[in-house]
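Engineer: Okay, here's what each chain looks like letter by letter:
Protein chains: 2
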Amino acid sequence: MVYKEGDGLLTEKFDNLVKQLRVLPGVGQKTAQRMALHLLNGKRPQGSALAQALDIAMHGIIECQQCHSFSDDEVCPICLDPRRDDSVLCVVETAADVMAIEQSAGYRGRYFVLGGHLSPLDGINADDLNIDQLVNRVKATPVEELILATSTTVEGQTTAHFISEAVRRHVGKVTRIAQGIPMGGELEYLDSMTLSQALQNRS
Amino acid sequence: MVYKEGDGLLTEKFDNLVKQLRVLPGVGQKTAQRMALHLLNGKRPQGSALAQALDIAMHGIIECQQCHSFSDDEVCPICLDPRRDDSVLCVVETAADVMAIEQSAGYRGRYFVLGGHLSPLDGINADDLNIDQLVNRVKATPVEELILATSTTVEGQTTAHFISEAVRRHVGKVTRIAQGIPMGGELEYLDSMTLSQALQNRS
Chain A
2 MVYKEGDGLL TEKFDNLVKQ LRVLPGVGQK TAQRMALHLL NGKRPQGSAL AQALDIAMHG
62 IIECQQCHSF SDDEVCPICL DPRRDDSVLC VVETAADVMA IEQSAGYRGR YFVLGGHLSP
122 LDGINADDLN IDQLVNRVKA TPVEELILAT STTVEGQTTA HFISEAVRRH VGKVTRIAQG
182 IPMGGELEYL DSMTLSQALQ NRS
Chain B
2 MVYKEGDGLL TEKFDNLVKQ LRVLPGVGQK TAQRMALHLL NGKRPQGSAL AQALDIAMHG
62 IIECQQCHSF SDDEVCPICL DPRRDDSVLC VVETAADVMA IEQSAGYRGR YFVLGGHLSP
122 LDGINADDLN IDQLVNRVKA TPVEELILAT STTVEGQTTA HFISEAVRRH VGKVTRIAQG
182 IPMGGELEYL DSMTLSQALQ NRS
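Those protein sequence lines, which keep their order, are chains A and B. This note's numbering applies: residue 2 is where the first sequence begins, and numbers increase by one. This note's numbering applies: residue 2 is where the second sequence begins, and numbers increase by one.
Each statement offered as a hint is correct.
No distinction is drawn between identical chains; accordingly, a pair holds when it is met within one copy or between any pair of copies.
Using 27 Å as the maximum straight-line C-alpha spacing, the simulated BS3-like pairs for lysine-lysine come out as follows:
{"hint": "1", "residue 1": "K174", "residue 2": "K140"}
{"hint": "2", "residue 1": "K31", "residue 2": "K20"}
{"hint": "3", "residue 1": "K44", "residue 2": "K20"}
{"hint": "4", "residue 1": "K31", "residue 2": "K44"}
None of these hints come from the bench; they were simulated from the model. Computed from a prediction, not measured in an experiment: that's the story for all the values here.
Work the whole structure out from these sequences, hints included.
Structural biologist: Right, here's the structure in full:
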């Protein structure tokens, strides 16, 4: 007889901790057990600190009223930052994308988070994204350039095209994040779509 | 400029969550970010449940007064279980070992957790382990067989030998968990120590 899901491990509190840890992405039964034991064996203060941070984050992180990214307050630090360039607005799918672009540190304009991409097959239409809010945003506060930084999947491309049509009359110019060969990419291992795009967009 | 540890990511609450998640074993900066985003994007109730389970476990899981494994109450469910065989006592290093043996489901006796192994170089001597308690335990409640299931490292072997000497006068017999070739093991890839042990202990 081997371990079956649902069997008790050690104690009720331990079993529940293991079960709840499995909500984390990439964490299965064995990893969850290892995490629980690691915390219980001499990392209890850190475990309590994690519990508190989780609780605060789950209840306290809200959506920024301006850019719809994650925020502790009504308006996020990036929207409040006076050193940011108001004339450029970068449209991304999720708050994770904001974080990725911020970490590359090559951008000093503002952001706008759509909350996903158009995907009619999954039932995600224009009404489910913050597209109306985006149009209102560029109507109320004019921007010179709107950068479409949605992903380069079919859905991301469709979303970019849709938004481009919706805002074209209200902004100076609409640009699309560059597609091409990633840094360190070897030509022979790249897919032909990327390669043909990279050749077309040569500069 | 790329991301440096200590930089802010999105918001204070988010950054703190990412920082605290890194206490989990095998979780680095990127994985912690992914976990935090995963919970914030539509898994908030589960995140709150995890926070609660963590908090309860960190404060509520104590050491069983009898076997020194993890327990929710003064005495753990295994020590309380009347169907367990009182005549056999299995001595292990940690509560994780109890869990591993329980999951193999081949053992129905009692357990005793030492709390580690002897390691003079790391300053862990007999006084730092529950060895006195073990001797008192077998003096108070006689057992027919004491199984030494410490690990098969040098420290584990030394610990087993030390305990064997300490309890020999008080128990019927002292046995050592079998050493040999693991299930599915291929001879050519095994280390020579295991192989020579397996040959010596042939049955």
